[in-house]
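Number of protein chains: 2
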Amino acid sequence: MSDLEKFFSDCTQIVDARLDKLVPTNETAPARLYDAVRWSVFAGGKRFRPALVLAVGTAFGCQEEKLLNAAAAVEMIHTYSLIHDDLPAMDDDDLRRGRATCHVKFDEATAILAGDILHTLAFQAIVNDKNLPAETRVKLISELANAAARMVDGQQLDLDGEGKKIALEDLEKIHRNKTGAMISASARSGAIIAEASGAELKAVTSYASKLGLLFQITDDLLDVTQTTEILGKTAGKDKRAEKATYPALYGIEETRKLAEKVHAEAINELKTIEIPTVVLCEIADFILERKS
Amino acid sequence: MSDLEKFFSDCTQIVDARLDKLVPTNETAPARLYDAVRWSVFAGGKRFRPALVLAVGTAFGCQEEKLLNAAAAVEMIHTYSLIHDDLPAMDDDDLRRGRATCHVKFDEATAILAGDILHTLAFQAIVNDKNLPAETRVKLISELANAAARMVDGQQLDLDGEGKKIALEDLEKIHRNKTGAMISASARSGAIIAEASGAELKAVTSYASKLGLLFQITDDLLDVTQTTEILGKTAGKDKRAEKATYPALYGIEETRKLAEKVHAEAINELKTIEIPTVVLCEIADFILERKS
Numbered sequence: 059m060s061d062l063e064k065f066f067s068d069c070t071q072i073v074d075a076r077l078d079k080l081v082p083t084n085e086t087a088p089a090r091l092y093d094a095v096r097w098s099v100f101a102g103g104k105r106f107r108p109a110l111v112l113a114v115g116t117a118f119g120c121q122e123e124k125l126l127n128a129a130a131a132v133e134m135i136h137t138y139s140l141i142h143d144d145l146p147a148m149d150d151d152d153l154r155r156g157r158a159t160c161h162v163k164f165d166e167a168t169a170i171l172a173g174d175i176l177h178t179l180a181f182q183a184i185v186n187d188k189n190l191p192a193e194t195r196v197k198l199i200s201e202l203a204n205a206a207a208r209m210v211d212g213q214q215l216d217l218d219g220e221g222k223k224i225a226l227e228d229l230e231k232i233h234r235n236k237t238g239a240m241i242s243a244s245a246r247s248g249a250i251i252a253e254a255s256g257a258e259l260k261a262v263t264s265y266a267s268k269l270g271l272l273f274q275i276t277d278d279l280l281d282v283t284q285t286t287e288i289l290g291k292t293a294g295k296d297k298r299a300e301k302a303t304y305p306a307l308y309g310i311e312e313t314r315k316l317a318e319k320v321h322a323e324a325i326n327e328l329k330t331i332e333i334p335t336v337v338l339c340e341i342a343d344f345i346l347e348r349k350s
Numbered sequence: 059m060s061d062l063e064k065f066f067s068d069c070t071q072i073v074d075a076r077l078d079k080l081v082p083t084n085e086t087a088p089a090r091l092y093d094a095v096r097w098s099v100f101a102g103g104k105r106f107r108p109a110l111v112l113a114v115g116t117a118f119g120c121q122e123e124k125l126l127n128a129a130a131a132v133e134m135i136h137t138y139s140l141i142h143d144d145l146p147a148m149d150d151d152d153l154r155r156g157r158a159t160c161h162v163k164f165d166e167a168t169a170i171l172a173g174d175i176l177h178t179l180a181f182q183a184i185v186n187d188k189n190l191p192a193e194t195r196v197k198l199i200s201e202l203a204n205a206a207a208r209m210v211d212g213q214q215l216d217l218d219g220e221g222k223k224i225a226l227e228d229l230e231k232i233h234r235n236k237t238g239a240m241i242s243a244s245a246r247s248g249a250i251i252a253e254a255s256g257a258e259l260k261a262v263t264s265y266a267s268k269l270g271l272l273f274q275i276t277d278d279l280l281d282v283t284q285t286t287e288i289l290g291k292t293a294g295k296d297k298r299a300e301k302a303t304y305p306a307l308y309g310i311e312e313t314r315k316l317a318e319k320v321h322a323e324a325i326n327e328l329k330t331i332e333i334p335t336v337v338l339c340e341i342a343d344f345i346l347e348r349k350s
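Residue numbers (this note's numbering), protein chains in the order written: chain Y, 59 to 350; chain H, 59 to 350.
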């Protein structure tokens with residue numbers, strides 16, 4: 059196992075333990091709702107966003123304990139968005155992280171409510187975090203709310219664009235909102251909790267912004283180059299939905315070159331800050347090379 | 059116009075003005091999303107919950123300006139829940155506040171996203187409220203998140219109970235969660251912003267808890283005694299859905315007596331605090347006598 063694999067594996071373990079503490083069990087009525095929530099939260103997600111909170115926060119020397127509720131919160135927002143995006147009225151997907159989506163396993167009403175309660179629980183996780191001063195909790199909630207709002211804007215823009223020819227500029231706007239905002243908020247949350255300086259926060263923001271773009275480019279690539287089995291979600295659906303994607307606009311080879319360019323830019327953004335950036339660079343490598 | 063009618067009319071005006079400031083317009087892309095949000099937010103709702111924030115807060119001598127974002131936030135959470143509850147997979151309702159529901163006027167995907175963004179905007183309204191210290195914002199967000207989570211629990215319990223015989227105890231549990239929690243949070247938010255004492259907050263909580271119960275009892279009564287035209291939403295739907303209601307359990311006359319008893323209890327809870335309670339008593343009267 060490489061150092062980064064070990065980092066991700068450790069992250070998954072501690073973030074899952076925290077999520078298990080923060081998400082009510084099915085012993086808290088109504089059982090069906092929390093069964094559905096836990097079905098989606100503990101579906102073997104990569105925990106990329108929480109790992110980013112932890113990687114940035116600990117790079118600035120912050121204790122792990124202070125980062126965990128924020129890490130769990132970004133994953134809860136991410137999972138709520140996946141549950142709602144998979145609904146029949148939205149992307150209508152049956153498969154997520156290798157198993158039935160929430161509305162398929164349970165039902166549509168329960169899936170809508172499972173997303174809704176996760177959305178609330180995310181804010182609750184931060185606001186009730188006794189490890190952090192009120193001022194920090196306010197900053198984090200503001201950060202999370204801004205990103206969550208942009209994520210919904212992005213999903214609407216994405217739906218509006220289906221079947222239409224979309225310019226690169228509009229495509230990037232969709233991704234900056236839909237995926238990039240929450241990735242940036244994750245990295246920034248780690249820096250905010252660690253009380254990074256303004257200049258440091260700026261560098262982290264630029265790095266995360268490139269990382270978000272890289273994530274989307276590789277996501278588009280995987281959709282056309284991988285199988286459903288490896289992805290754990292339906293492959294090739296962007297093409298069927300006639301979505302604007304980087305491979306559709308540029309072709310696969312040019313998109314790979316673009317990914318490498320953005321990867322280099324992400325790493326470059328870290329050069330202005332004086333903290334150990336090994337893990338942050340490895341995360342960028344990992345996204346460039348990911349297979350699922 | 060009675061004093062209370064004037065109070066409600068004034069509340070609606072200032073709360074609507076604040077909502078108009080806090081909810082992006084359709085000039086902020088994506089237009090369809092914010093058209094949908096505004097369709098539901100400005101649908102002529104009674105603004106009962108925000109009025110309660112203002113009534114309690116001003117009774118404790120708090121400036122109106124400090125209460126307005128919290129007042130707008132409770133209405134946003136309420137409206138998000140209505141949009142999602144009306145969806146085909148949930149209560150499947152075409153009519154709300156006298157006009158087409160969000161998913162009928164727009165589409166299901168947009169309605170899901172409109173509810174989602176309102177949910178986020180509510181937390182954003184409080185966290186970004188520069189009129190309040192960070193400590194107060196944290197208390198308010200905690201209050202709102204707890205209530206919003208209980209509201210979703212209550213909706214799930216309500217769906218789980220459709221077509222089943224439900225005991226009074228379970229019925230009250232559904233309502234305490236689904237309706238009561240947000241009504242209590244509204245009243246408590248007013249008291250929290252006004253820096254009410256522990257004893258005062260306790261009295262307000264007891265009053266609001268009775269008020270919530272009264273609200274539900276009269277809601278059940280209106281569903282069986284009023285027309286769709288007067289209600290502005292589909293009448294008689296509880297019976298068709300075989301929902302457990304007070305009239306179904308007790309009959310109409312006994313339910314009216316129960317409403318009067320709960321009304322008296324609500325008023326009684328206010329006797330322990332030394333603030334002007336005229337408006338709060340009138341609000342209880344208003345709920346007892348409401349026709350829609």
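Derived by calculation from the structure, the hints in this document are not laboratory data. Note that the structure is predicted; figures quoted are calculated from it, not measured. Be aware that one or more of the hints could be misleading.
Just so you know, same-sequence chains aren't split out, so a pair can sit in one copy or run between any two.
As the list claims (entries may be wrong) - Derived lysine-lysine pairs resembling DSS-like cross-links, with alpha carbons at most 30 Å apart:
1) 197 with 163
2) 231 with 79
3) 64 with 329
4) 163 with 231
Structure-based check of each hint:
1. 197 with 163: neither (37 Å within a copy, 36 Å between copies)
2. 231 with 79: Only across copies: residue 231 and residue 79 sit 24 Å apart there, 36 Å inside one copy, limit 30 Å.
3. 64 with 329: within (24 Å within a copy, 62 Å between copies)
4. 163 with 231: For residue 163 and residue 231, the Cα distance is within 30 Å only across copies (27 Å; inside one copy 33 Å).
When each numbered hint is compared with the structure, a violation occurs for hint 1 only.
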